[in-house]
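Taking the hints into account, I'd like the entire structure generated from these sequences.
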Amino acid sequence: MKFLTKFLDSQEKLFKKGGKLEKLYPLFEAGDSFLFSTKETTKSKVHVRDSLDTKRYMSIVLAALGPCILFGIYNSGLQTHQAAGLSLELLPVVMTGLKLVLPLIIVSYAVGGIIELLFAIFRGHEINEGFLVTGILYPLTLPATLPLWQAGVGIAFGVIIGKEVFGGSGRNFLNPALTARAFVFFTYPAYISGEVWTKVLVAKDQIVDGWSGATALGVAALTPTGENAADRLIDAGFSLQDAFLGFIPGSIGETSVICALFGAVVLILTKVGSWRTMLGCVIGATSMTLILNLVAGPEGGAFLGLNPLWQLSLGSFAFGSVFMATDPVSSPSLEISRFIYGVLIGMMGIIIRVINPAYPEGWMLAILLMNVFAPLIDHVVMEIKTKKRIPHVI
Amino acid sequence: MKQLKIKNTYNLNLKGEPSTIIEEVIHSNEFIINPVRIKNFKSKLVVKENQAVAIGSLLLIDKKQPHLKFLSPVSGVVKEIVYGHRRVVEKVVIQKDSAEKVEELFSPVTDDQLTKLSREDVVSRIIDGGLWNLITQYPFEAAPKQDDIAPSIYVTVDYDEPFMPESAVFLKEYYDDFVFGLEIIKKLSSAVYVGVSEKNKFDQSKLNLLATHRLEGDYPANNPGVFLYHNKKTQEENASWGIRSLDIIRIGQLFKSGNYPIERLIVLAGTQAKKPRYIKTREAISLNFLSKEFVNSDPVRIIAGGVLTGDKVSLESGLGYNDYAINLIREGQERELLTFFRGGYDKPTFGNTYLSAINKKQKFSMTSSTNGGHRACISCGVCAKVCQVDSAPQMIMKSLNVDDIETAVKYGLLDIVDTGLYTYVCPSKIELDEIFRAAKTKLYKEVTA
Chain A
4 MKFLTKFLDS QEKLFKKGGK LEKLYPLFEA GDSFLFSTKE TTKSKVHVRD SLDTKRYMSI
64 VLAALGPCIL FGIYNSGLQT HQAAGLSLEL LPVVMTGLKL VLPLIIVSYA VGGIIELLFA
124 IFRGHEINEG FLVTGILYPL TLPATLPLWQ AGVGIAFGVI IGKEVFGGSG RNFLNPALTA
184 RAFVFFTYPA YISGEVWTKV LVAKDQIVDG WSGATALGVA ALTPTGENAA DRLIDAGFSL
244 QDAFLGFIPG SIGETSVICA LFGAVVLILT KVGSWRTMLG CVIGATSMTL ILNLVAGPEG
304 GAFLGLNPLW QLSLGSFAFG SVFMATDPVS SPSLEISRFI YGVLIGMMGI IIRVINPAYP
364 EGWMLAILLM NVFAPLIDHV VMEIKTKKRI PHVI
Chain B
6 MKQLKIKNTY NLNLKGEPST IIEEVIHSNE FIINPVRIKN FKSKLVVKEN QAVAIGSLLL
66 IDKKQPHLKF LSPVSGVVKE IVYGHRRVVE KVVIQKDSAE KVEELFSPVT DDQLTKLSRE
126 DVVSRIIDGG LWNLITQYPF EAAPKQDDIA PSIYVTVDYD EPFMPESAVF LKEYYDDFVF
186 GLEIIKKLSS AVYVGVSEKN KFDQSKLNLL ATHRLEGDYP ANNPGVFLYH NKKTQEENAS
246 WGIRSLDIIR IGQLFKSGNY PIERLIVLAG TQAKKPRYIK TREAISLNFL SKEFVNSDPV
306 RIIAGGVLTG DKVSLESGLG YNDYAINLIR EGQERELLTF FRGGYDKPTF GNTYLSAINK
366 KQKFSMTSST NGGHRACISC GVCAKVCQVD SAPQMIMKSL NVDDIETAVK YGLLDIVDTG
426 LYTYVCPSKI ELDEIFRAAK TKLYKEVTA
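Protein sequence lines correspond, in order, to chains A and B. Take 4 as the starting number for the first sequence in the working numbering and just add one per residue. Take 6 as the starting number for the second sequence in the working numbering and just add one per residue.
Hints are computed from structural coordinates only; laboratory data are not their basis. This structure is a prediction, so every number in the text was calculated from the model and none was measured. For glycine and all other residues, C-beta sits at the position ideal for the given N, C-alpha and C. Hints are supplied without guarantee of correctness; some may be wrong.
[To be verified] Once the Cα atoms are required to be at most 30 angstroms apart in a straight line, the calculated DSBU-like pairs of lysine-lysine come out as: (1) B:LYS317 with A:LYS16; (2) A:LYS274 with B:LYS12; (3) B:LYS280 with B:LYS206.
[To be verified] A few chain B positions that, by computed beta-carbon distances, are all more than 10 angstroms from chain A: (4) ILE27; (5) ASP102; (6) LEU110; (7) LYS177; (8) TYR180; (9) LYS191; (10) SER195; (11) LYS204; (12) ARG282; (13) SER319; (14) LEU405; (15) LYS415; (16) SER433.
[To be verified] Among chain A residues calculated to face chain B with C-beta under 7 angstroms, some are: (17) VAL49; (18) THR57; (19) GLU129; (20) PHE160; (21) THR273; (22) LEU337.
Structure representation (structure tokens):
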């Protein structure tokens, strides 16, 4: 290892100011600080520093995402094989899943990474590790069927408009991964909504009988008035257990509630994710669902009458509230406002999902909308808190 | 006695704790004064090179506030005066003579005489004794003006920053001086609050006679500024004064003898110190003797003061006016491969992101490494978890970034105490305390101008 550190040290002058490769310093810094701990020492009166840095912070999020990624790969393969009536054994399913998901992840990292690097070079700042998280969160919110060029255009938009134009990680007010997804969602609606979630590998006439390709939310939303949405879901082949475990069609990483719960436990235990936001989301979504259930009345009530257990297991509620809503940069800063923010996301998400016929799912829009409101929530909370202070008059 | 529970405190659990052995004076004939290190002190020289000085002779005064004086802690000849950028006095070197001449500042004050002294008499004696600068006026943490009257004075007995002298050790030596000093301080204001730490190991029956509050919590629960925030009821109290026990002991010694107190009990600690212990020495002594105290040949950072608020000094400087501790830690670190993928059982951390969180009681050895690169604030909110004054440091920092000082003050900038903890915990390695200090200094200059 000594050899490697010496080599890096000897190369550093090339990249420093006045060196031949001065422009590429961010690249050197990224590689150097990825491999080895920093050699920088403290300059101010605070002589020692905590071991936590943003690299560690972001790697914890990546670790928490692990199960979602792995399950997402498996489930994408599984849904495809089920539709085509192919073998359901583990290995072929995973291979199919990898073929579908890996290219999306690679495109996301490559396109986003290059843009991040270009901005770092022109702006002269370090490459931010927040991108490691954005680059993986984004493909997990996409259907496995999305054309790669669309995925590439999406992440380019997300990184540039969602983050870099405001000055990079830490200065953005929208979640970049969701901004990227929103762009794809509104630009190529045919590819990211409706019934295109499962890749069909065989000719149309070879599809298994009874396979419709509709997502659970699509089925539930179409329940006629007077009927029970839960019954419709079970008739269409979705069980509550499958929805909770994640064996249903949907975006790559969103389907499994149990994997998202694992992520939640990791984020809460390490104090990287805010439990207040997550709790707020659960409370908000549950209460809103109960209100809608009341409106629907006891008989049927179609989608309005679907109980909270179903609502929380379907779609991207779990994934969105664990990984997207807790993004510290786009959430409010204060602990109390994080709770309020979570509750509002929960309520808004259910409203968009159930009441708005234009959008099958609500979390992306709910979180982006509340991202915009985050500074306002902080401001109001802070104004109330300041009233309790003994003011300084100078 | 009232109990004050201070929330959001933190114990660093560092290795290199000093043993309670006190070792006697370290002799040196070279004494060095670094006026640049005294906070808010713009020095103007009164002496010239080769001039003879006695203990207590006037060396420097403040350019704008002539009541801030700096007296010579040694008798001898001024050997060298070193000027820095824009002719600021960086260093005054005094060669000690064997005569130890002493200039009497005023006739010694006894207990009975003290009761008869008026407030003005006490103030002028502290000023003539060169110790006025030991008193801090909030919210700007600067020395008060000569005719300011303190609404209340906050005294804390214990030091909880790693590593500072422990009250059980120095009170055993100087208890009488402390009691006398406290009587002097009580002359300055009608309301004097004395806070003692829950963890104090000194004779409790003696302390109970003096203390008004028990302070519960880790660092910085025993900071007078934090104590003030939690005890204040009115707006006037914002301008309270603060002073700590070791400073009071010096004032007590000054009044008792009428001479400038030169003896100093300091802590020598840290992982790079061969024998972490207490040292009884003298103010302004050359720190050259430290070269024999290093544990090995690794590079060392010498810190005058605690590891979170101290100054980086070199072997060529002297023991400063406000120094009660010297901490030695390793400068920089061996570069480690793929740090952020490791379990990190031996990595100190405030949160739970490393395995060290499992055993919160273990002691850590820390270096002067920043442990990460500088990034923009990611609003993680960790700094708010070490904020003892119910504020949101990240929001204040953002207001200050756009020069919105009104909002910053409204959110509690002036309540924030200079503890170093905000900077310590920040994962983006932002110099939060530095930003707050700079903003307060700027505001202070505007207010006093």
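How the hints compare with the structure:
1. B:LYS317 with A:LYS16: holds (27 angstroms)
2. A:LYS274 with B:LYS12: holds (18 angstroms)
3. B:LYS280 with B:LYS206: holds (22 angstroms)
4. ILE27: ILE27 of chain B clear of chain A: closest Cβ-Cβ about 25 angstroms, beyond 10 angstroms.
5. ASP102: Holds: least Cβ distance 35 angstroms, greater than 10 angstroms.
6. LEU110: holds (32 angstroms)
7. LYS177: Holds, because the least Cβ-Cβ distance between LYS177 of chain B and chain A comes to about 29 angstroms, which exceeds 10 angstroms.
8. TYR180: holds (31 angstroms)
9. LYS191: holds (24 angstroms)
10. SER195: Holds: least Cβ distance 19 angstroms, greater than 10 angstroms.
11. LYS204: holds (21 angstroms)
12. ARG282: Holds, since 20 angstroms exceeds 10 angstroms.
13. SER319: Given that every Cβ of chain A is farther than 10 angstroms from that of SER319 of chain B, nearest at about 14 angstroms, it holds.
14. LEU405: holds (15 angstroms)
15. LYS415: About 6 angstroms separates LYS415 of chain B from the closest Cβ of chain A, which leaves it inside 10 angstroms; violated.
16. SER433: At about 6 angstroms from chain A, SER433 of chain B fails to clear the 10 angstroms cut-off, so the statement is violated.
17. VAL49: Hint on VAL49 of chain A: holds, closest Cβ of chain B at ~4 angstroms, below 7 angstroms.
18. THR57: This interface hint holds because 5 angstroms falls under the 7 angstroms limit.
19. GLU129: Holds, about 6 angstroms.
20. PHE160: violated (21 angstroms)
21. THR273: This hint holds: THR273 of chain A lies near chain B, its Cβ roughly 5 angstroms from the closest one there, short of 7 angstroms.
22. LEU337: With Cβ-Cβ at 6 angstroms, under 7 angstroms, it holds.
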